[in-house]
Amino acid sequence: MTTSDVTRELYPAAEPDTAVPPGETLRELLDDLEMTQAELARRTGLSAKHVNRLVQGLVPLTAEVADQLALVTGMPARLWNRLEADYRTTQQTLRLRRDPVAAWDWASALPLKALVERGFLPQKPEDQLSRVDQALAFFGVASVEAWQEVCLTPQVAFRQTKAYTVDDAAVATWLRLGEVAARDLTVAPYDENNLRDVLPELRSLTTAPPEKSIQGVVELCRNAGVAVVFVAEIPGARASGATRWLTPDKALVQLSLRYKSDDHLWFTIFHELAHVLLHGKRDLHVESGKIGESNDPLEQQADRFASNLLIPPAQAQRLRQLRSLASIETFAREIGVSPGIVVGRMQHDKIWPFNRGNGLKKRLQLKETVAAGAA
Numbered sequence: 050m051t052t053s054d055v056t057r058e059l060y061p062a063a064e065p066d067t068a069v070p071p072g073e074t075l076r077e078l079l080d081d082l083e084m085t086q087a088e089l090a091r092r093t094g095l096s097a098k099h100v101n102r103l104v105q106g107l108v109p110l111t112a113e114v115a116d117q118l119a120l121v122t123g124m125p126a127r128l129w130n131r132l133e134a135d136y137r138t139t140q141q142t143l144r145l146r147r148d149p150v151a152a153w154d155w156a157s158a159l160p161l162k163a164l165v166e167r168g169f170l171p172q173k174p175e176d177q178l179s180r181v182d183q184a185l186a187f188f189g190v191a192s193v194e195a196w197q198e199v200c201l202t203p204q205v206a207f208r209q210t211k212a213y214t215v216d217d218a219a220v221a222t223w224l225r226l227g228e229v230a231a232r233d234l235t236v237a238p239y240d241e242n243n244l245r246d247v248l249p250e251l252r253s254l255t256t257a258p259p260e261k262s263i264q265g266v267v268e269l270c271r272n273a274g275v276a277v278v279f280v281a282e283i284p285g286a287r288a289s290g291a292t293r294w295l296t297p298d299k300a301l302v303q304l305s306l307r308y309k310s311d312d313h314l315w316f317t318i319f320h321e322l323a324h325v326l327l328h329g330k331r332d333l334h335v336e337s338g339k340i341g342e343s344n345d346p347l348e349q350q351a352d353r354f355a356s357n358l359l360i361p362p363a364q365a366q367r368l369r370q371l372r373s374l375a376s377i378e379t380f381a382r383e384i385g386v387s388p389g390i391v392v393g394r395m396q397h398d399k400i401w402p403f404n405r406g407n408g409l410k411k412r413l414q415l416k417e418t419v420a421a422g423a424a
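Here the sequence shown is numbered in my numbering, starting from 50 and rising by one per residue.
There may be inaccurate statements among the hints.
Said to hold, decoys possible - Heads up, simulated DSS-like pairs for lysine-lysine below, C-alpha to C-alpha not over 27 Å straight-line:
1) K309 <-> K173
2) K416 <-> K399
3) K309 <-> K410
4) K330 <-> K173
5) K309 <-> K261
6) K410 <-> K98
7) K416 <-> K162
8) K261 <-> K299
9) K410 <-> K399
10) K411 <-> K330
11) K162 <-> K399
12) K261 <-> K410
13) K173 <-> K261
14) K261 <-> K399
15) K330 <-> K299
16) K399 <-> K411
17) K162 <-> K261
18) K261 <-> K416
Please keep in mind that the hints were generated in silico from the structure rather than gathered at the bench.
Using the sequences and the accompanying hints, generate a full structural model.
Structure, rendered in structure tokens:
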């Protein structure tokens, strides 16, 4: 017996604890090439949805696709095929070590129907364990334990009322959809001074047509190092907004399509930007209730930031003097915000009832940042 044989017998190779899809290599290579998933789809002739599923490991990387990737990326087809074979072998090894009952209990508690409808999971899995694998791949984790550590353990600050029951799995799914939406959104390195400098311009966008104002928010924040994405709500999440840091130089502000009036949207935008500017990069903040109902000091600070930026305290003193819709419109023009924001503030401060003045609020038709299942 040789020395190497003895070494292998005494110290056998460790079993893998994670299956890395070839899509992870593809994602890194696209970053190096400064190529988006959409551009790769155009160059290979694959659909954007198929490319996205390749990246997530939801579909096999076939020999034909390996040849196409080789032509576009310059990485030989044999290497793509090897990555795919290694991934499937490791995946099978991990599957044999997994408790099938516990794994399916976890997966079945997820909003699988919503993910299928949006194109992030295939319509029909081969079996329950295949669906577990697909769900793990969607979240980018190797095990249920890893999912609990990555998706549930982070410090979460909810602006939430006791009247609401929040589904943690739904929240985790909605947050993951935001991360997927932000992948192809190129942003400048985060610059706090730049973000503070554009706050007045962001505020002025409240008076612009909705489509133009949303585009302006995304662009101004992108140039300051903040990705802003819109993701439709997942049933049970009750989320209106969230903030976290994807990297030390890239913040993510995620907004739902839950609210349909401009006052709610703009308050949430500036509330989330307050978290970016004022609070730690390791924190995750999810807003899931009504304005001003949280006892969390960080949430209260973000509320004050948004309120004071939209209507500064000196000008807010005049709100009780406003008696008519016309006076609100005049006041809004004077301070440079939309009338709907003034109405929303007066309703929140109980100066006006919630059924008065709503005609001055702009009704919004928000769109998701990405198409279902696409990058």
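| Can you name, in rising order, the numbers of the hints this structure does not satisfy? | The structure conflicts with hints 1, 2, 4, 6, 10, 11, 13, 14 and 17, although it agrees with all the remaining ones.
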